[in-house]
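Between the sequences and the hints, there should be enough to build the whole structure, so can you do that?
Number of protein chains: 2
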Amino acid sequence: MMRIAIVGAGALGLYYGSMLQRAGMEVHFLARRDFEAIRQSGLQVFSINGDFHLDRVAVHQRPESIGPVDLVLVGLKTFANRAMPELIQPLLGADTAILTLQNGLGNEDFLASCFGRDRILGGIAFLCSNRGEPGTVHHLGEGRIRLGEITPGLSDRAVRIAACFEKAGVPCDAVADLLRTRWEKLVWNIPFNGLCALTNRDVTELLADTGCRSLVRDIMTEVINGANSQELQNPINGKEFIQNMIEATDRMDHYQPSMMIDRQQQRPLELEAIYSIPLENARGKGVKMDRVEMLYRLLKLNEPR
Amino acid sequence: MMRIAIVGAGALGLYYGSMLQRAGMEVHFLARRDFEAIRQSGLQVFSINGDFHLDRVAVHQRPESIGPVDLVLVGLKTFANRAMPELIQPLLGADTAILTLQNGLGNEDFLASCFGRDRILGGIAFLCSNRGEPGTVHHLGEGRIRLGEITPGLSDRAVRIAACFEKAGVPCDAVADLLRTRWEKLVWNIPFNGLCALTNRDVTELLADTGCRSLVRDIMTEVINGANSQELQNPINGKEFIQNMIEATDRMDHYQPSMMIDRQQQRPLELEAIYSIPLENARGKGVKMDRVEMLYRLLKLNEPR
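Protein chains in written order, with the numbering used here: chain A, 875 to 1179; chain B, 875 to 1179.
Simulated from the structure, these hints should not be mistaken for laboratory data.
For glycine and all other residues, C-beta sits at the position ideal for the given N, C-alpha and C.
Accuracy of the hints is not assured; some may be wrong.
Among the chain B residues that face chain A by a calculated CB cut under 8 Å, a handful are [what the hints assert, rightly or not]:
1) Asp1083
2) Asp1124
3) Lys1162
4) Leu1172
5) Lys1174
6) Leu1175
Which chain A residues stay away from chain B? Per the calculated CB distances, all over 12 Å, these [unchecked claim]:
7) Arg930
8) Gly1015
9) Glu1016
Structural data, given as structure tokens:
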């Protein structure tokens, strides 16, 4: 049986961790805000697929009390990356894999620099979820994961981990081109996270406005140009991809992206992983993303220095 | 002696009207919000060049009580343009000239469509002023006017009107190329009005942020490309012009552009004159102003439909 540690028990970590535990895996949650609530009352998941409650949850304040696991699932906000080495080190055995489901670019590289490239996998989560009261999480829609190795190619390990998620009721694909997958997610994250945070409007309000709907398309086009300048195995077909992504977002009923909620609650935003590194990587290949850069600058203006 | 009517007694109309009256011209103010205060207590000007008070001010609620004048000075917000025909008609004699100091593009054309091209002059005001309590106006800096005829060329009439302003202590040039002058002003208005309104930061805060300072430059560059695609008599020298404009703005101590104040007070913004028409005119000449369009769309999202 797989032993799994969840590092970063936010909306994403709590949801996937709960699903994995419900399917019989041994899951350990490293929690801060929710520690006391989970210890006392377990974990409550409100989900569009049916609510459920986990009565007995292994929740920890420090990684030392978990010890080595088979898989570390990282769901920390990227601005908390500095804290990662000491949170993860005690969880590592000889064969421990580390899977980051964090947003944006740069996370696998950072983890690789701390723990070596061999351990690291990355994935992206198409998940609409928000935290609720301590000890609760709201699953509002989607949930699919795509994960893969840093270096191109499909590994047994990635396939095995994907099977765990599938077994837990989380649609999950192992992919041969993680970089492409990451950029695909950016095509959504860059316009919606930023514009919703900047304007304090949800995705439905944004898309209902003709001008902003066009702006979303224009930004997506820029990101796809940026993506296709990288070393992807296959380029992204812009027109079709954008169409699908807008239609999927039209089906999200007044969803508030995490960055919008972070801004409302005056928490720092994940600007480096979602904007700064992608801008830099595109620029490195001679591709300018003017609107993305403008959005980044406008978001950064209101960040704490 | 020149008989002058001020239509639109906001920060701009009150300031220039007061200066002209102090210099001995016969000035009539058409006022709404400030009517009662001015009628009772006259007009108070707080100015960086020295405060002054006008005890007896000819203030009117309706244009009929003013009757024909030599010069109509229009300072209305452009979104109030629809009200103009009936405000101005009663002020017209055979030789009455109409000078609009409104922001952006399209105002002379609108007035020309109402009253014929011959009567119309346009000008731009480099003025930092805000309304205060009713019956007061704050002159915070600058004040220079550049005015000219709709059709290229320097007219005696423009020179004569400019001399009136000069006599009143308002630096004023008659210009042969009004269109260029209007676009020059847009190079300032488009970035600063919009970005300050969108972010609720004043010009000093905006320029203190490295990213936004670059953004201002990038937007200015787009506007200058738009300007130089029009039929200007001489193109604008982008690099030098931007440098001067940024330096001038650095000297404005925490100035809040009118659009920022309008947004704070939830008044409509002058988006058509400052964004929509310039975008359209540039597009008509094959020039795209992507960042300007993005700013326009973001501003429009929060406007009343």
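(Q) Of all the hints numbered above, which does this structure not satisfy? Sort the numbers upward. (A) 2, 3
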